[in-house]
Amino acid sequence: MKKLMLAAATLALTAGMGLAAPVRIASEGAYPPYNLVNDAGELDGFDIAVGNEICKRAELECVWVKNDWDSILPNLKSSNYDAIMAGMSITDERKAEIDFTQNYFPPAASAYAALSADANIGEGAVVAAQTATIQAGHVAESGATLLEFATPDETVAAVRNGEAEAVFADKDFLEPAVNESNGELAWVGEDVPLGGGIGVGVRQSDTELRDKMNAALTAMKEDGTLNGLIEKWFAEGAVYFGPNGEAVDKAGAKITAVAE
Amino acid sequence: MFEYCADPKSLEGLTWLSCYLTSGTHMQFYASFGTVLLLLAITAPIALLFGFGGALAARSHVAPLRWFGKIYTSMVRGVPDIVFFMFVPIALDQLFEYLRSRVYCDTSVPVRQGSDFVVCAAAKLPRATSPEWVHDSYGMFLAVLAFSVVFGAFAANVLYGAMNSVPRAQLETAEAYGMTRRQMNRRILIPQMWVYAVPGLSNLWMILIKATPLLFLLGIEDIVYWARQLGASKTQAFAYPHPDWRLYYFLAILIFYLLMTAISERVLRRISRRLSLGQATMAGEAMRKAGA
Numbered sequence: 001m002k003k004l005m006l007a008a009a010t011l012a013l014t015a016g017m018g019l020a021a022p023v024r025i026a027s028e029g030a031y032p033p034y035n036l037v038n039d040a041g042e043l044d045g046f047d048i049a050v051g052n053e054i055c056k057r058a059e060l061e062c063v064w065v066k067n068d069w070d071s072i073l074p075n076l077k078s079s080n081y082d083a084i085m086a087g088m089s090i091t092d093e094r095k096a097e098i099d100f101t102q103n104y105f106p107p108a109a110s111a112y113a114a115l116s117a118d119a120n121i122g123e124g125a126v127v128a129a130q131t132a133t134i135q136a137g138h139v140a141e142s143g144a145t146l147l148e149f150a151t152p153d154e155t156v157a158a159v160r161n162g163e164a165e166a167v168f169a170d171k172d173f174l175e176p177a178v179n180e181s182n183g184e185l186a187w188v189g190e191d192v193p194l195g196g197g198i199g200v201g202v203r204q205s206d207t208e209l210r211d212k213m214n215a216a217l218t219a220m221k222e223d224g225t226l227n228g229l230i231e232k233w234f235a236e237g238a239v240y241f242g243p244n245g246e247a248v249d250k251a252g253a254k255i256t257a258v259a260e
Numbered sequence: 261m262f263e264y265c266a267d268p269k270s271l272e273g274l275t276w277l278s279c280y281l282t283s284g285t286h287m288q289f290y291a292s293f294g295t296v297l298l299l300l301a302i303t304a305p306i307a308l309l310f311g312f313g314g315a316l317a318a319r320s321h322v323a324p325l326r327w328f329g330k331i332y333t334s335m336v337r338g339v340p341d342i343v344f345f346m347f348v349p350i351a352l353d354q355l356f357e358y359l360r361s362r363v364y365c366d367t368s369v370p371v372r373q374g375s376d377f378v379v380c381a382a383a384k385l386p387r388a389t390s391p392e393w394v395h396d397s398y399g400m401f402l403a404v405l406a407f408s409v410v411f412g413a414f415a416a417n418v419l420y421g422a423m424n425s426v427p428r429a430q431l432e433t434a435e436a437y438g439m440t441r442r443q444m445n446r447r448i449l450i451p452q453m454w455v456y457a458v459p460g461l462s463n464l465w466m467i468l469i470k471a472t473p474l475l476f477l478l479g480i481e482d483i484v485y486w487a488r489q490l491g492a493s494k495t496q497a498f499a500y501p502h503p504d505w506r507l508y509y510f511l512a513i514l515i516f517y518l519l520m521t522a523i524s525e526r527v528l529r530r531i532s533r534r535l536s537l538g539q540a541t542m543a544g545e546a547m548r549k550a551g552a
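Top to bottom, those sequences are chains A and B. The first sequence begins at 1 in my numbering and counts up one residue at a time. The second sequence begins at 261 in my numbering and counts up one residue at a time.
Errors might be hidden in some of the hints.
Said to hold, decoys possible - Using C-beta positions, here's what the derived DEER-type ranges look like:
hint	chain 1	residue 1	chain 2	residue 2	range
1	B	W393	A	G124	35 to 43 angstroms
2	A	G242	B	L519	56 to 64 angstroms
3	A	A140	B	Q373	40 to 48 angstroms
4	A	D223	B	M335	53 to 61 angstroms
5	B	L405	A	N244	46 to 54 angstroms
None of these hints come from the bench; they were simulated from the model. Cβ atoms here follow ideal geometry from the backbone N, Cα and C, with glycine treated the same way.
Working from the sequences, and respecting the hints, build out all of it.
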């Protein structure tokens with residue numbers, strides 16, 4: 001009897017899947033390790049890994065779409081795709097425009113990097129950040145002159161060629177750049193915690209998709225697979241989800257590796 | 261691509277480079293040159309058509325048509341390109357979907373839900389179930405339309421000016437022969453205006469060639485997008501780590517653009533010569549004297 005019901009349930013689900021249109025998820029593909037374009041020319045990274053896992057659990061068929069950061073919000077609101085997974089922090093400003101699921105990456109630190117550790121990052125300094133990010137907002141408020149770039153990579157390049165004194169971005173993005181620069185780049189000052197973590201952006205009217213993704217994310221947090229993906233994509237010292245969804249370090253996290 | 265490329269980190273020198281330059285992303289980079297050329301090949305004639313229509317409308321004796329022509333040229337030319345390309349494709353897309361939703365959807369459901377624009381699945385353009393190439397072609401179609409509208413407005417102004425440059429005496433003579441306005445346009449005005457229009461149009465063509473980076477705003481990956489993407493410094497997480505190489509990629513693009521300009525100039529010079537032949541302009545006069 002139990003088997004029969006299971007079979008019926010599977011049938012019902014797969015039948016539903018056949019009818020439903022695929023969920024289109026947009027990403028930028030220029031913000032490793034969150035999202036990047038790999039050497040095969042496909043989107044790859046933490047966002048994509050989490051997204052695929054969510055889709056698997058929520059029994060959704062998902063398609064990835066590359067979209068420029070500048071037009072990523074208007075295109076979502078205009079229904080050109082259904083969700084954004086592009087390392088986008090949950091902020092109040094964005095919440096006025098779109099809805100977010102619960103975070104799939106804990107509130108992480110942003111950091112300043114410059115050519116020397118004692119570079120000026122406050123009043124009178126020129127600091128590079130990507131356009132329309134929480135980091136750009138923070139720099140504008142800090143009293144430093146904000147130098148905006150369309151892509152994250154250009155912000156780092158601006159520091160290397162002296163256009164800006166420092167770059168301000170997610171620490172996880174800057175980490176490989178600083179570590180592999182042979183001492184050319186250095187951290188400046190303290191890390192700055194910003195935002196409410198990274199969530200999946202969905203349309204405010206699309207509560208169904210949001211709830212489905214939320215349910216999948218809750219399950220992934222519970223069984224530790226989300227932490228497994230964080231471990232896979234991020235360097236040592238990344239933050240993980242604790243038992244109640246709070247940010248903890250690696251020692252306090254339950255980590256389950258995800259089968260490829 | 262090559263068999264020895266399986267483990268790129270162990271390679272060095274030229275073998276490394278040969279693998280690097282044939283990676284999947286590079287293949288897409290090379291293909292994007294085709295995308296740009298295709299866009300130019302489709303957009304240029306359509307924009308010229310828009311411009312021609314706009315110029316004729318602006319000269320029309322029918323007032324509403326004339327207003328339309330004037331408003332089209334002055335409005336579109338006044339809007340910054342980047343604003344235009346952020347706005348128009350999305351607006352056009354919403355317009356198409358709205359019209360379709362009136363036919364295919366339950367009309368009691370509003371398309372505006374809060375700040376979201378939502379239509380039922382049947383009215384979506386392209387359909388969510390369509391394969392990826394349909395989405396790409398639709399994006400390309402919107403891009404061609406947006407480019408044509410913008411460059412059509414500039415072309416309209418150039419052609420309008422060119423039409424006004426045709427010597428008044430020519431048109432008066434035509435009138436004296438008893439030609440109607442239509443005949444005058446077709447036989448005297450339009451054949452002669454091109455010679456005045458070519459310099460302005462060739463300018464526009466050059467600007468159009470360089471405007472293609474705006475394509476990525478519409479989700480189409482053009483050469484500048486790929487150059488930026490590939491040239492960006494790559495950390496060890498990638499198969500082919502390298503420092504900031506954007507300079508080399510942009511140099512390659514520069515060569516492409518210079519080649520395009522050089523070829524265009526040669527072609528345009530020929531066209532210009534051809535059009536000047538037998539015209540009552542300085543160039544035409546010089547050619548007549550040289551021939552005599």
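Verification of the hints:
1. W393(B) / G124(A): 35 to 43 angstroms: Distance hint for W393(B), G124(A) is violated at roughly 52 angstroms.
2. G242(A) / L519(B): 56 to 64 angstroms: Cβ of G242(A) to Cβ of L519(B): about 58 angstroms, so the range 56 to 64 angstroms holds.
3. A140(A) / Q373(B): 40 to 48 angstroms: Violated: the Cβ-Cβ distance is about 32 angstroms, outside 40 to 48 angstroms.
4. D223(A) / M335(B): 53 to 61 angstroms: holds, 57 angstroms
5. L405(B) / N244(A): 46 to 54 angstroms: Check passed, 51 angstroms falls within 46 to 54 angstroms.
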